[in-house]
Amino acid sequence: MAGNRTQIKIVGEILDTTMQEIDEQEGATVTHIIKNANISHGRLSRILSNLVSQGLLEQVNTNRSCRYKISPSGREFLSAYKTFREFSDDFGLNI
Amino acid sequence: MEFFLEISLNSIGFLVGIIIGTISYIGFKNTASPTLFRLSIAFFAIGIGFGILAVGFILDDMIFETGDINTGISMLGITSQVVGYWFIAFSHTIKTFFPKSRYFRSIGALPLFLVSFGYVETILRAVSFILLVYGAIETMISYAQGRKKTTLFVAIGLGLLGFGEFIGWYSFVFPETILYVVSIVIKISGLISVGIPVSKIPLRKISFDENL
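First to last, the sequence lines map onto chains D and W.
Per my numbering, residue 1 is the first one in the first sequence, and the count goes up by one each step.
Per my numbering, residue 1 is the first one in the second sequence, and the count goes up by one each step.
Just chain D, same shape as in the assembly (with noise of 0.2 Å):
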């Protein structure tokens, strides 16, 4: 049975999203985290700017958009989270 998502795997999904982006070009932006993260643009915002004041994420501003790219920090959560993801499925759980 598939439930809602935990905050927590929405975070990561939105960290892993502008961790794919990063070879491509400097950080996401918001429409393509939308996409691949699968959430509202209200939601996405709280989520965005509580990321940043963690320091998980930083925000890149250009010319043309706003753009986020993932930090040193960023990287080690989204590893632990990764991990631990795959802990917590060992014992059938959803972290």
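Hints are computed from structural coordinates only; laboratory data are not their basis.
Just so you know, these numbers come straight off a predicted model, no measurement behind them.
Treat the hints loosely; a few may be bogus.
Derived lysine to aspartate or glutamate pairs resembling DMTMM-like cross-links, with alpha carbons at most 25 Å apart [said to hold, decoys possible]:
hint, chain 1, residue 1, chain 2, residue 2
1, D, LYS69, D, ASP16
2, W, LYS148, D, GLU86
3, D, LYS82, D, GLU58
4, W, LYS149, D, ASP89
Given chain D, put chain W in place with the hints provided.
Same frame as chain D, but now just chain W:
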């Protein structure tokens, strides 16, 4: 000889429980996940339960010399294990029945006090058995959905823990047999099986981040 076995096996149970609990707690500190917090409480309680039983046997062997573990200490150890099993079952209950309700998540501790105030050891073992069977079934269902081998090991481990509790309960009926030792061996096998996912954790890469 029997005391030596019981002390050794309960000590292994203590170590395995504490290791899994510590890994879960590191996970909780890194990710702030409530699931990992519940798992850490569960395995700390299970490990401490085995530890209390080991201490009980050591005390009787060295000081009291009655030939059997003190009933109070035994009850304390088993109660601690019941609390651990309850937290595992509760985590599955949240996933299965209350995926959307924060209210039910917040009052999760309430049934704990209703369950753990039983004073009869056999009742505690019966409760453990029920909780473990429930946890094993739920984990097996998760395995059927995800087909992860490690999930299967956890399901088998919880099943063995439940079977060990069942055999342990039977040892009250036949106290002079090796059923108690057999039950501990089965339970330790179960704990080791449950602990297999821990072997995949890259410990050196994980660090505490106080800002998270």
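Checked hints:
Distance check on the hinted pair: LYS69 (chain D) and ASP16 (chain D) sit about 10 Å apart at the alpha-carbon level, within 25 Å; holds. At roughly 10 Å between alpha-carbon atoms, LYS148 (chain W) and GLU86 (chain D) fall within 25 Å of each other, so this suggested pair holds. Only pairs whose Cα atoms come within 25 Å are accepted, and LYS82 (chain D) paired with GLU58 (chain D) is accepted, the gap being roughly 20 Å. At roughly 11 Å between alpha-carbon atoms, LYS149 (chain W) and ASP89 (chain D) fall within 25 Å of each other, so this suggested pair holds.
Hint violations for this structure: none, all hints satisfied.
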